[in-house]
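Given the coordinates of chain A, assemble chain B with the ligands onto it according to the supplied hints.
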Amino acid sequence: MSNPRLVVDGVFKTYPSAEHHRPAVPVLAGIDFAAARGEFIVVTGPSGCGKTTLIDVIAGFLECDRGRVLVDGRAVTAPGRDRVVVFQTLALFEWMTARDNVAFALKAMGVGAVERRRIADSWLERVLLGGFGDRYPYELSGGMRQRLALARVLAAEPSCMLLDEPLAALDSQHRRMMQDELVKLWRDHDRTIVMVTHDLDEAVFLADRVVVLSERPSHVREIVPIDLPAAREERSRTSPRFRECVEHLWELLRA
Amino acid sequence: MIRRAWLPIALLAVWEIGARLGWINSTLLPPPSQIATALVDWARDGALVLDALASVGRVVAGFALAAILGISVGALVALLPVVRRNVVPVIELLRPIPPIAWIPMAILWFGIGTTSAVFIVCVGGFFPIVTATMHGIAHVRRETIQTARSLGAGQWLTVTHVVLPAALPDILSGVRTGLGSAWMSLIAAELVASQSGLGYRIQLSRLFLRSDSVVAGMLVIGLLGVAMSLGLRALERRLTIWNGATLGADAVLGGRPVEQPQAGR
Ligand SMILES: Nc1ncnc2c1ncn2[C@@H]1O[C@H](COP(=O)(O)OP(=O)(O)OP(=O)(O)O)[C@@H](O)[C@H]1O
Ligand SMILES: [Mg+2]
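Protein sequences, first through last, are from chains A and B. The numbering used here applies: residue 1 is where the first sequence begins, and numbers increase by one. The numbering used here applies: residue 1 is where the second sequence begins, and numbers increase by one.
Hints may contain errors.
To be verified - Coverage of chain A stretches by chain B, computed from C-beta distances (three or more under 8 Å per stretch; other residues unrestricted):
(1) 36 to 49
(2) 91 to 105
(3) 135 to 144
Said to hold, decoys possible - Partial selection, computed: residues in chain B whose CB lies under 7 Å from chain A:
(4) Glu143
(5) Thr144
(6) Trp242
If you're looking for bench data, these hints aren't it; they were derived computationally from the structure. Using N, Cα and C, we set each Cβ at its ideal position, and we do this for glycine too.
Extracted from the complex, chain A is given alone in its bound form (with noise of 0.2 Å):
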């Protein structure tokens, strides 16, 4: 990888402890990977093991006692528009519109209201919410309240996109739907992204590489290549090599 976009360089991380009596709890113990441009990490891991604060390094919300992330060369201070995070909760803003929700990041930039309404308009249209800029979250389902908690993100047009378990909450149905889409707004805008997830047909169907954790305190287990067709497809799931990849991340992940 000559010009890696995004480079977690030996992440180690450990919260103090609340009381004195208690041992402050390290979680991530030297975390090492890049990602190229546009390429789709999954990273999978024991429950406990430090995903989320993996997350939360990236994205800037989070210190690390140790190393350091870089977005294109440079190293990560502070949140920014190049790493935008979903979180499992969406934390859609309740009190705006959906066109505005995914207005948000251009009013952030500094978008002129005009201009605003029509980029985040073509926005909801894409992901298929075209006739509801103007209501509330709470009047869109389960599965509309994802999508437009994409299309928020995609409008900061990020080079990076950090998910943490985004998919969690839905049904095996839905999931699969949202899967599919996840596949192609992605590959329609070449952003490297950075999915947290438990749910390993999930993280071969998308992923380019995994990287898979140990328990705590976590390193890079394993980062395994998914060497199928990068046009990732529904009858991808069932084809021997898949099944072959979802278990050989199975048996990482007993390790």
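Relative to the frame of chain A, chain B with the ligands by itself:
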């Protein structure tokens, strides 16, 4: 209508009859008809409107001041640790002092009159509002704020477009509590530190042993309080239509009963 209001109507009837038959001392508790007459007399010479205007004017002024101060101080306290460390102890110390206990100082500082009353109203309204604002902002979800930051919002945009609106339902409920407290404080202040207004009027009526006028005044105070509270609630609904997901307690006791499966069929 009559079916829903049967209890108050029955009570009024018993009260009226009791007073006419002499079971109730009508100097201490005048019958409804006498109160109604007092109310009409009061309204007829225009004094009712003047008294009500004086009181409502004071409550509006003092309460607006309380809302502005309460929301700004609450926001600063919640957002800035430096302010929090220094100001919260002061607020906690002053909060338990009833607004009425400020009246002697108010008279000393501002004399008897409107300024004193407005000051007492402001004290009464301030504490519920400042508390609700502090808590409302402190409870905005971390992820909501982080999302805004990662979408590129600076601090100002985050506060004005994310933190404050997210805390708005809490702030507004504090504002409603504050209005009730402000209104009560005002009437108390007018009893002793004023030469006009509804509180002054009932105090004056007592001096003339006109208990019917006293009760009429109390009635008007209650009605105006309800009216202001309803107005504020309408405003609150309008400002937080987006909060449609919260059905509130209506979902517990209202709505349709739970069906019990039929046993043995
Ligand atoms: N703010 C915090 N203070 C102290 N310890 C924390 C804090 N946040 C997380 N931890 C601890 O750090 C460890 C990793 O937490 P983290 O949320 O990163 O795990 P995760 O891999 O995302 O887990 P999951 O898969 O269940 O979401 C856990 O043991 C947790 O108890
Ligand atoms: Mg997590």
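These are the hints, each one checked on the structure:
1. 36 to 49: violated (count 0)
2. 91 to 105: Check passed, 7 qualifying residues.
3. 135 to 144: With 4 residues in contact (Cβ-Cβ under 8 Å with chain B), the coverage given for the segment 135 to 144 of chain A holds.
4. Glu143: Cβ of Glu143 (chain B) sits 4 Å from chain A, so the hint holds.
5. Thr144: holds (5 Å)
6. Trp242: With a closest approach of 4 Å, the Trp242 (chain B) hint holds.
The structure does not agree with numbered hint 1 stated previously, though it agrees with all others.
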